[in-house]
Amino acid sequence: MAKHVAVLYGGWSAEREVSLATGRACCKALEEQGYKVTPIDVQPDIATVLQATSPDVVFNALHGRVGEDGTIQGLLEVLRIPYTHSGVLASALAMQKDKAKVIMAAAGVPVPKGMVVNRLEAAKSHVLPAPYVIKPVSEGSSVGVIIVREDRSHPPQELMREDWAFGEQVLVESYVAGRELTCAVMGDKALGVIDIRPATGVFYDYDAKYVKGGSIHVLPAEIKPNIYQKVQELALTAHQALGCRGISRADLRYDDTPGGTGELVVLEVNTQPGMTETSLVPELAAHAGFTFGELVQWMVEDATCNR
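Read in my numbering, the sequence shown has 703 at position 224, and its numbers run on one by one without any break.
Everything labelled a hint here was simulated from the structure, so no lab data went into it. It is possible that part of the hints are untrue.
[Unchecked claim] The calculated DSSO-like cross-link candidates involving lysine-lysine, where the alpha carbons are at most 27 Å apart (straight line), are:
(1) Lys578 x Lys709
(2) Lys603 x Lys592
(3) Lys482 x Lys668
(4) Lys592 x Lys703
(5) Lys668 x Lys709
(6) Lys578 x Lys592
(7) Lys668 x Lys703
(8) Lys482 x Lys507
(9) Lys668 x Lys578
(10) Lys482 x Lys515
(11) Lys592 x Lys482
(12) Lys603 x Lys578
Work out the full structure, taking the sequences as your base and the hints as a guide.
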């Protein structure tokens with residue numbers, strides 16, 4: 480009898496739309512692989528719904544808070560339902576970018592210089608020399624990210640807005656010029672490296688990530704072999720240091736600009752990377768020889784509790 484897989488998607492985070500797209504793609508692929516699939520748009524009554532549904536496995540296709548920060552993982556542990564991706568602690572750590580940086584740095588992974596400050600303080604004066612980046616401490620998909628360039632005389636005033644939805648504390652980091660690289664880890668193996676080039680502008684923002692044609696993915700990345708290998712090593716070290724399981728994806732910056740620093744840093748680790756048609760992980764898995772169906776099947780078969 481085929482395994483019954485509940486796919487959790489949607490929810491109410493800032494990344495709801497991306498999660499809906501991920502969930503739909505994964506439901507379709509899992510059905511094609513022969514699983515019995517129940518899609519669940521997650522609402523606050525999710526515990527009751529899961530008990531009524533009684534799946535063998537939960538495929539977590541949520542993005543952002545609740546789905547990615549250890550909350551839903553804790554619930555699934557209590558209900559004793561095996562689930563995909565990382566467990567409670569790794570999810571919570573990776574989502575809290577400032578805490579993740581401390582853990583990664585302790586494991587020898589280079590991270591950007593930075594600090595956590597109150598958003599109003601960051602709006603009053605430049606807390607770092609420009610260029611620098613301001614980002615929410617615990618959001619994904621480049622939601623709420625602001626790049627402050629050298630020619631910007633005033634700090635970003637949008638931080639003062641009453642409807643600012645990304646928390647009172649923000650992470651301020653030095654901007655690393657050059658390439659945006661990403662590398663996925665599947666189990667205990669680093670996959671290939673993609674060089675992400677935004678089709679317009681210079682920043683891999685929300686639209687560049689999720690709008691078709693928003694970015695150009697160069698796979699394998701056209702960088703020196705020793706740097707390519709170093710990216711893979713750093714992605715795997717970061718994955719293991721944070722205690723990630725299943726699939727994760729590390730985002731990095733590499734300054735190979737003329738006269739640049741040569742700096743290579745890990746920005747963050749995503750424990751719930753996107754799984755849409757424009758997403759990076761399915762592309763990296765395909766490069767490694769896995770179809771999208773084989774990838775989601777591997778994730779379901781890898782699912783456990785106590786992750």
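Cross-check of the supplied hints:
1. Lys578 x Lys709: Roughly 23 Å separates the two Cα atoms, so the pair holds.
2. Lys603 x Lys592: 20 Å, holds
3. Lys482 x Lys668: 26 Å, holds
4. Lys592 x Lys703: 25 Å, holds
5. Lys668 x Lys709: The hint holds at about 14 Å.
6. Lys578 x Lys592: Cα-Cα ~13 Å, so holds.
7. Lys668 x Lys703: 20 Å, holds
8. Lys482 x Lys507: 15 Å, holds
9. Lys668 x Lys578: 24 Å, holds
10. Lys482 x Lys515: This hinted pair holds, its Cα atoms lying about 6 Å apart.
11. Lys592 x Lys482: 46 Å, violated
12. Lys603 x Lys578: Given pair Lys603, Lys578 holds - Cα atoms ~25 Å apart, limit 27 Å.
Checked against the numbered hints given earlier, the structure breaks only hint 11 and satisfies all the rest.
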